[in-house]
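Peer 1: All chains, full assembly: derive it from the sequences and hints.
These protein sequence lines are chains S and E, in that order. First residue of the first sequence? That's 19 in this note's numbering, and the numbers climb one at a time after it. First residue of the second sequence? That's 136 in this note's numbering, and the numbers climb one at a time after it.
Hints are computed from structural coordinates only; laboratory data are not their basis. Hints are supplied without guarantee of correctness; some may be wrong.
For lysine-lysine, the following DSBU-like pairs were computed, each having C-alpha atoms within a straight-line distance of at most 30 Å [what the hints assert, rightly or not]:
#1 S:LYS56 to E:LYS365
#2 E:LYS394 to S:LYS52
#3 S:LYS56 to E:LYS394
#4 E:LYS575 to E:LYS429
#5 S:LYS67 to E:LYS517
#6 S:LYS84 to E:LYS746
#7 S:LYS67 to E:LYS394
#8 S:LYS84 to E:LYS607
#9 E:LYS517 to E:LYS480
#10 S:LYS52 to E:LYS402
#11 E:LYS575 to E:LYS267
#12 S:LYS77 to E:LYS607
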Amino acid sequence: MKCPLCGRDAVSDLCRYHAEAKAKVQAAYTPWVKAYGKMEWGDYLDNVKRNPQTGQWAKEIAELLKGG
Amino acid sequence: MSDGYTLVICEKPDAARRVSDALSGGNSRSEQVDGTTVFRFSRKGEEYVVCAAQGHLYGVSDPSEERTVYPVFDVEWYSSDLVDEDSASAARRISAVKKLSAGASKFVNACDFDVEGETIGYNLLKYACGGKEKAALRARFSTLTEEDLVKAFDDLEFQGGQGLARAGRARHAIDFVWGVNLSRALSQSVLGSGHRYRTVSVGRVQGPTLGFLVQRELEIREFVPVPYWKDSGIFARDGKKFTAAYAKDRIETRPFAEKVREECVGKEAAATSVRRGTVQVGPPVPFNIGDLQKEAYRAFGYTPSRTLQIAERLYLAALVSYPRTDSQRLPQSIDYRKIIQGVGKMPEYSAHAAELLKTEPKPVQGARSDPAHPAIHPTGEKPNRRLDASEGAVFDLVVRRFLASFGPSARREMVDVTLAVGEHEFRLAGGRTVFPGWMKYYGRYAGYRDVEFPAVVEGDRFKVVDVLVEEKFEQRPYRYNQSSLLEKMEKEGIGTKATRADIISTLAGRGYVSGESLEVSDLGLSVVETMARYAPSIISTGLTREIEEKLEAVEGGAEGEPALLRETVRSIAAQLAELNANEDAVGRELDSAQMRTVAKSFVLGRCPVCKTGELRVIRSKSTKKRFVGCSNYSAGCRASAPLPQRGIVRTTARPCQHCSWPVVYIVGGGRPWRLCVNPSCPGKWKS
Chain S
19 MKCPLCGRDA
29 VSDLCRYHAE
39 AKAKVQAAYT
49 PWVKAYGKME
59 WGDYLDNVKR
69 NPQTGQWAKE
79 IAELLKGG
Chain E
136 MSDGYTLVIC
146 EKPDAARRVS
156 DALSGGNSRS
166 EQVDGTTVFR
176 FSRKGEEYVV
186 CAAQGHLYGV
196 SDPSEERTVY
206 PVFDVEWYSS
216 DLVDEDSASA
226 ARRISAVKKL
236 SAGASKFVNA
246 CDFDVEGETI
256 GYNLLKYACG
266 GKEKAALRAR
276 FSTLTEEDLV
286 KAFDDLEFQG
296 GQGLARAGRA
306 RHAIDFVWGV
316 NLSRALSQSV
326 LGSGHRYRTV
336 SVGRVQGPTL
346 GFLVQRELEI
356 REFVPVPYWK
366 DSGIFARDGK
376 KFTAAYAKDR
386 IETRPFAEKV
396 REECVGKEAA
406 ATSVRRGTVQ
416 VGPPVPFNIG
426 DLQKEAYRAF
436 GYTPSRTLQI
446 AERLYLAALV
456 SYPRTDSQRL
466 PQSIDYRKII
476 QGVGKMPEYS
486 AHAAELLKTE
496 PKPVQGARSD
506 PAHPAIHPTG
516 EKPNRRLDAS
526 EGAVFDLVVR
536 RFLASFGPSA
546 RREMVDVTLA
556 VGEHEFRLAG
566 GRTVFPGWMK
576 YYGRYAGYRD
586 VEFPAVVEGD
596 RFKVVDVLVE
606 EKFEQRPYRY
616 NQSSLLEKME
626 KEGIGTKATR
636 ADIISTLAGR
646 GYVSGESLEV
656 SDLGLSVVET
666 MARYAPSIIS
676 TGLTREIEEK
686 LEAVEGGAEG
696 EPALLRETVR
706 SIAAQLAELN
716 ANEDAVGREL
726 DSAQMRTVAK
736 SFVLGRCPVC
746 KTGELRVIRS
756 KSTKKRFVGC
766 SNYSAGCRAS
776 APLPQRGIVR
786 TTARPCQHCS
796 WPVVYIVGGG
806 RPWRLCVNPS
816 CPGKWKS
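Peer 2: So this is what it looks like as structure tokens:
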């Protein structure tokens, strides 16, 4: 099975790089909520996607999670 | 002793000319032997002939003609023209040395005194001069000034234990065995996966270095920034305003950042603490090659390999000492006073030199030393030709650093004020130079800025006019640039001062990294991932560092290079067995990464016309010419543009500021040039 985001061999549904990026995107949600006091999951993903500091794989994951 | 002449072997033609001029007092005659220039002269009743290598004239290779077979563990030394087709002149130079050696009764190795120079001289004496490597004398010098060269030839030494040459030859053999076997194993695995042959290589130092880059690349690509806030208060008194930062540098939540604002604006602040102090800032230590490369990158943006090339040109012009040194120390024997006096004859340094010569000059010394050469310093000679801009810049940097290392410590006044508003505190910090000391000599390279601050004493009260709440995000890690990567290699103890810059260039040449900030390609990622899985020692710092340490011991005179070579062979054989057992998987992974890297290099950026497609480099099936076209062509987007038909097209990250079309660099045949691919770009008309 191939990673839908980059075509590398997938470990489960993603390659190991995108799987790691997904874990990081999910883990950062709690600090974002704490930082703003309140934030919806969808808004969080939009913010992560738009942020110029976000890494390429993390952006692709945010896009994927938003689409799903 | 027969009445033949003394044959002197130098490392480069320029050095041969300088040696001849110095020893003959400018009375040498040049002649051609097999198309190479040699110099003849008499000195103290002896006849001398000076010839030159041109870098390495011998290289390591395997005796087999077959270039796809591995493992290869038997290596031999061959003349470079047989090892590398680009070294055709090597045969002529070797032939000239062979002819000249027939009439020589005494041999002098006058190549640069370091591992590479010693190896170059040793190989010529051994192979071209018929086994004179042990009988030859050694001329040791750190500058190509007349005085140093004459002294070196008055004090010729026997070659001794030849630790440097033995270490150099062992290093070449180890690196060859390492590189040839892994490159063949990896390239063959790609070929075996059904695709055409491509060279995929992992050198001994290249592997761990690529490992550092990949580690950083993963951190960057997976990075998710977390927000935080910074508050700054605007304070006023007597109509004058100033800004001070909230004492807590990073505020974790927006509600708190806003609470600070609400609780402070319009209130009164009191200066609860004013701390003033003076700090001494010591002069910088003299340059070793790594420090010079880092400083030239910081000051001028020169890559480490460019700086090394420039420094070597300055050395060959007898303007600076030998640059490939680890030393940060200036021994008294170089005669500080004489060099400062020499430098003082150049108008831009005369005032500084005069000042330093008022007392007995004594430099600050660094921690690192090198038994072969002192720290890089000017020779005190004036340039006798016009230096180009980059040579002038590096020369100025070397001279100023040298002068600065003799300067007294600078003094800076630091002030730290705390302003309290209820439970909140703001801080105002500043510093200014009150005594420049060495900074005066180092000039613009010193890099200390003065931050002015208002005169405040404890108890002073101010009005809080406003508090600015600024949203920030954690910064993702920086990619390595050539300078910071060089620093990392030094810190990790891999590579040598002579090879680190070239290794970085090789990584770019192989397509593993690109750009000024070294971005790793899919192929680079895949090479490290594959190695980590099947042959982890190849990218481990441990093994490379261990070999490096053992080679250093050999340089110092220890025996043991045959054992080291055997150990390396055993280690590589084990890694090759793993790669062999997984050849199919390795080939598939590397090949698909290579395809992705190549495909990516054809994508120039987002299409500014349809906004959804990608502009790509396409080759016309009918005309075979390349042009730019949109991936949405079949959906109706007709964005296209012509491209130059010669040179390599290199993509850039930023689109054109005038029209948002992609910008590329065309590389090849001269200086790379920047091109917005849009033929109707308004920026073109403007310029």
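Peer 1: Check each numbered hint against the structure and report the violated ones by number, ascending.
Peer 2: 5 and 11
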